[in-house]
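Chemist: If you read the sequence shown in the numbering used here, its first letter stands for residue 1095, the second for the next number, and so on.
A couple of the hints might just be wrong.
Straight-line Cα separation of at most 16 Å, EDC-like style, residue types lysine to aspartate or glutamate; simulated pairs [unchecked claim]:
1. LYS1163 to ASP1129
2. LYS1197 to ASP1155
3. LYS1197 to GLU1225
Just the calculated beta-carbon pair ranges, DEER-fashion [claimed, not checked]:
4. ARG1224 to VAL1117: 25 to 31 Å
5. ARG1224 to LEU1125: 32 to 38 Å
6. ARG1099 to ARG1224: 39 to 45 Å
Quick caveat, the hints were computed from the structure, so don't treat them as lab data.
All figures in this text were calculated on a predicted structure; none of them were measured in a lab.
Cβ coordinates follow ideal geometry from the N, Cα and C atoms, glycine included.
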Amino acid sequence: MSGGRFVPRCVLVDLDPHTMESVRGTPMGQLFRPDNYIIGRAGTGNNWARGRYTDGAELSDSVMDVVRKEVESCDLIQGFQVIHALGGGTGSGMTCLLLEQIKAGWPDRIVNTFSIFPSPKWHFPMALIRELIDHEDNSTATKKMQEEPSAGQILVTLPQYAIQLLEDDLFGVIGVIRCHPLTN
1095 MSGGRFVPRC VLVDLDPHTM ESVRGTPMGQ LFRPDNYIIG RAGTGNNWAR GRYTDGAELS
1155 DSVMDVVRKE VESCDLIQGF QVIHALGGGT GSGMTCLLLE QIKAGWPDRI VNTFSIFPSP
1215 KWHFPMALIR ELIDHEDNST ATKKMQEEPS AGQILVTLPQ YAIQLLEDDL FGVIGVIRCH
1275 PLTN
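Please model the complete structure; the sequences and the hints are all you need to start from.
Modeler: Right, dumping it as structure tokens:
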């Protein structure tokens, strides 16, 4: 609770300032703490290496400082939920770096990821799957729905299981999974 209102415990990160400013300017964007927006100077041009090793690495300390501040404000941290796309430098490269740092800082906490695969170039992030598996405990993945004829299929993966759900609304599925008693 902040200033008499409930505030989501969330860190919003993007290396592209235009994208993040468009979010910040919406009524939904006003719900978040202004200092929990971590914004880069320029996008990565969909370059994984820039997100992982250069531009993203420069901002990772700032992101982790905000994450630590949010964790310290919890009575008991259960885990982390990361929502990201796998097609750009921030969502793929920087997310891999941040997941590694989160797992190093809180190795006994659960990390759930909600990953959106780009379409039709779904093969691009396939090389990242190994890094995601190394630093997460549970993931939910989907294709970018607007461009696919089978847009309603969402793949929910657990370390050894795959379950296909038929759903039209990605955020509806994420909401159902997020609100399930086992994920709280």
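Chemist: Starting from the range 39 to 45 Å, see whether the pair ARG1099 and ARG1224 falls in it by beta-carbon distance.
Modeler: holds (42 Å)
Chemist: Can the restraint linking LYS1197 and GLU1225 be considered satisfied, given a maximum Cα separation of 16 Å?
Modeler: holds (12 Å)
Chemist: Take a look at whether the Cβ-Cβ distance between ARG1224 and VAL1117 falls inside 25 to 31 Å.
Modeler: holds (30 Å)
Chemist: Indicate whether the distance between the beta carbons of ARG1224 and LEU1125 respects the range 32 to 38 Å.
Modeler: About 35 Å separates the Cβ atoms of ARG1224 and LEU1125, which means 32 to 38 Å holds.
Chemist: Hey, LYS1163 versus ASP1129, does the alpha-carbon distance stay inside 16 Å?
Modeler: holds (11 Å)
Chemist: Compare the distance between the alpha carbons of LYS1197 and ASP1155 with 16 Å, and conclude whether the hinted pair is satisfied.
Modeler: holds (15 Å)
Checked against the numbered hints above, the structure breaks none of them.
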